[in-house]
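*Asks:* Please assemble the complex out of the two chains, which come individually in their own frames, going by the hints.
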Amino acid sequence: MKRLVSMTVNGEEIELAIPPYRTLLDVLRNEGRLTGTKKGCDVGDCGACTVIMDGSPVNSCLVLGIEAEGATIETIEGQHAGPDLPHLIQEKFMDHGGAQCGFCTPGIIMMTKALLKENPNPTESEVRFAIAGNICRCTGYAKIVDAVLAAAEDLRKGRTL
Amino acid sequence: MRPFGFERPETLERAAGIVAAREDRAAPPPLSSAQFIAGGTNMADYMKLGVMRPNLLVDIGRLADPGLRRIAASPDGIRLGALVRMSEAEENADIRIGYPVIAESLQQAASQQIRNMASLGGNILQRTRCEYFRDISWACNKRDPGSGCAAMDGFNRQHAVLGVSDRCIATYHGDFAQALIALDASVETQSPRGGRTMAFSELHRLPGETPHVETQLMADELITLIDIPAKPWARRSHYLKIRDRQSYAFAVASVAVVLDLEDGAVRDVRIALGGLATVPWRAQEAEDELKGGPLDERTAGRAAEAAFAGAMPREHNAFKISLGRQALVRALLETRDMRV
Chain A
39 MKRLVSMTVN GEEIELAIPP YRTLLDVLRN EGRLTGTKKG CDVGDCGACT
89 VIMDGSPVNS CLVLGIEAEG ATIETIEGQH AGPDLPHLIQ EKFMDHGGAQ
139 CGFCTPGIIM MTKALLKENP NPTESEVRFA IAGNICRCTG YAKIVDAVLA
189 AAEDLRKGRT L
Chain B
121 MRPFGFERPE TLERAAGIVA AREDRAAPPP LSSAQFIAGG TNMADYMKLG
171 VMRPNLLVDI GRLADPGLRR IAASPDGIRL GALVRMSEAE ENADIRIGYP
221 VIAESLQQAA SQQIRNMASL GGNILQRTRC EYFRDISWAC NKRDPGSGCA
271 AMDGFNRQHA VLGVSDRCIA TYHGDFAQAL IALDASVETQ SPRGGRTMAF
321 SELHRLPGET PHVETQLMAD ELITLIDIPA KPWARRSHYL KIRDRQSYAF
371 AVASVAVVLD LEDGAVRDVR IALGGLATVP WRAQEAEDEL KGGPLDERTA
421 GRAAEAAFAG AMPREHNAFK ISLGRQALVR ALLETRDMRV
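Which chain is which? The protein sequence lines are A and B, in order. Residue numbers for the first sequence follow this note's numbering, so the first one is 39 and each next one is one higher. Residue numbers for the second sequence follow this note's numbering, so the first one is 121 and each next one is one higher.
Each hint should be verified, as a subset may be incorrect.
Covered stretches of chain B, going by a simulated chain A footprint (3 or more residues, C-beta under 8 Å) [as the list claims (entries may be wrong)]: (1) 124-135; (2) 156-167; (3) 177-187; (4) 412-421.
Cβ pair distances, simulated, as ranges [unchecked claim]: (5) R249/B / P158/A: 33 to 39 Å; (6) G140/A / R313/B: 53 to 59 Å; (7) P158/A / A213/B: 48 to 54 Å.
Just so you know, these hints were derived from the structure itself, not from any lab. Quick caveat, the model's predicted, so the values are computed rather than measured. Built from N, CA and C at the ideal position, the CB exists for glycine as well.
Chain B on its own, in the form it takes in the complex (with noise of 0.2 Å):
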């Protein structure tokens, strides 16, 4: 790891501070000399890589207010403290019985070790596995803007059919990013500005021609609170992931599927994709087929064709857009067939 400073602020204001005093404080967050580090381990790994290359490390894991430690369930929904660990979300019995969604797509997240110590907001921004992002000696626009991108031409079978560019097709890889898609969560930040609040399906961006701009963030921003609604929807709700290997990796394809159903008929649903996409990806197309129908076999596929219809796969990962497609339809039934 290159050497770099540190500092441990006790409240969120001062923290935001530090990193709002340095002369880089506009650069898009990913490029800051300064970054916050709570659990670390997607800092702490991509420090070593040479991904993260931060002057200064400003640690957020002891802020001492007790809110971005908290779960606070009420009939209203569910407020998640961006410091809570991903094993405490897991773990809580209103997510399990509420919220489902949630709860799996954390236990199928990473290992127990890694869920121990990451926090939810730090999950949410954590970036992508592409190996030509995560190894410094090929060329990343992502990583480097500007360089190029090796994964085009290389070997791309892990790499996203959704919201790709010609710059960057990095496919983003978190789980728990899809659930909050579906579940129509929004997140609150802080900075020196302020507080503000924005839906969760706008925070990501997608790569365009700034793959190295991921959020809406600015480096001198906090995620402080995870809000979710209550809907009628939440407690049927599911995530299936599919790997290369049961345990322990990250998704092929993964489906969230929140659903609504009155007599057999969708009244509402929302759907995100994740393994597939560039950033956590809402399938809009999917949720307009299906909405006030059925929901059976041929309609889950009719809702699967138009998920796809704009995928655009390279040479190695076009059985992403048949698998995406099959996730998605077992995904659907699986929802509906769920006793709640």
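Looking at chain A on its own, in the form it has when it is part of the complex (with noise of 0.2 Å):
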């Protein structure tokens, strides 16, 4: 049976009718047509369904969707620094090469977002450690971890997040 479940998805307040076995990221997906938070494992393993829940990234594969009643949620389709302008975490993963074929870096980027928030000044091994569940066959993680610490960079001379 259906639920009616109401939550606040990139700033809007959404309701959905969904059932009690979707999870979060298949509602995003399908019911909410956000495609941008991607389908790994949909095991917990590879976090490219990360998206950030009340303030604390969270494995959306893994959260039922009728856990998130009530949740505020932030998805990739909510990051940029204005209209048609990307967020400077975006701006730093294309500056540095931090994404290849693309697919783990919606979920890194929200990663990457909550880690900054509160941690503007990480250091390398701080950053490794936050994105240690998000995994990426392509990079090698190097030019992710440039991208990353460009953006706390910025952050310092007072760009925002």
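*Replies:* Right, here's the structure in full:
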């Protein structure tokens, strides 16, 4: 039986009828039409589905949609510096070649945003610790770490997340 | 995921009562048709795989009792509510300073995303990562009692060498539980029959003839609190985790050590092993070997021998015995050398 669930996604309050066995990831992608959040392993191993829920990054594939009742969710679609302008973190990922195939990128961008909100001055090892749950099979992580550190540097110069 | 019903009771009594009212209330908790869900990281995973097949989920994540979400430090020790998230405990200053083995075990567990969701109560009840348990096409006595064990003669590199039976060699893969064994923690539970307290080291049951019976809990019984006594040793405590890659992997071998030293001699010590046994494993023989004497590479080596005297390897996991011994020696010496 479907239940009515309301949540705030990227600043917009939405109400959806969903069955209890549907994950937040599937709710966002199917009912919510927000396909920027990717479905990789679907069992919490890869981090491609990372979204920020009530301020904390989580694997949306392991959250039941009904568990997001009343929650505030941020996805990749909500990240931009202005109309048609990439978000600071996206800009740095482009500058540093932090994305290749791109499948892991939305999850890593969200993880990076959560990290930099808590800690705008991370060390390289703190960056690596934060993104340990985000698997990338293209880059070898070096350019991702460079991009995150570059975003942190710009933050300290007064740019905002 | 198979469809299931969903209830979100407001009180703990009601949550336990829903399960107690069901026909199969006496079933071992993992096989019960009604399951509690909190953080859901283990449950959602196993429901997708078809390993867990509940007809009803009882959501305890929003129960009103504030004690379930509290970390309460006092001179007597620290009390952790069962719904405290792993990341909250890991970041707590009282835990980091007073009980480092807890913070270290949590920091090295899972990923940030999972630690942000998973509750402490759920974490200690997490089920094995045995590949044959997780893939429902294989025989598994733990998942489907009496069906056999594909791991015995399968690829068993990750499997346990301690506490095994001829029905099951699945490893207990958690990290936090070893810290709790070493710190002599206890757990409080609630069910419609009332509350009870048990030593954490007695919560999990060896697989024996019934590997599907994993703990002393009943299906309608909930862990509410983890109680860790303040003992002189808690500050000198340490968790060493060895894994196939440096981050986000389960332990191949891990060691929790809590050490009380006096003038270089071991007044008291508690040791727990992870990734090596079917349950969170207290290495009491190793503790006995060390008590009252000096702690150096030689005595630590003797303790490590004692810890694995009863080990029973299979075809691919004999390396865990030497790895486990070396991990134990290293963990003991690192704990000895901590500045507290």
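*Asks:* Against each hint, give a clear statement of whether it holds in the structure.
*Replies:* Going through the hints against the structure:
no., hint, verdict
1, 124-135, "holds (count 3)"
2, 156-167, "holds (count 6)"
3, 177-187, "holds (count 3)"
4, 412-421, "violated (count 0)"
5, R249/B / P158/A: 33 to 39 Å, "36 Å, holds"
6, G140/A / R313/B: 53 to 59 Å, "55 Å, holds"
7, P158/A / A213/B: 48 to 54 Å, "21 Å, violated"
The structure shown violates the earlier hints numbered 4 and 7.
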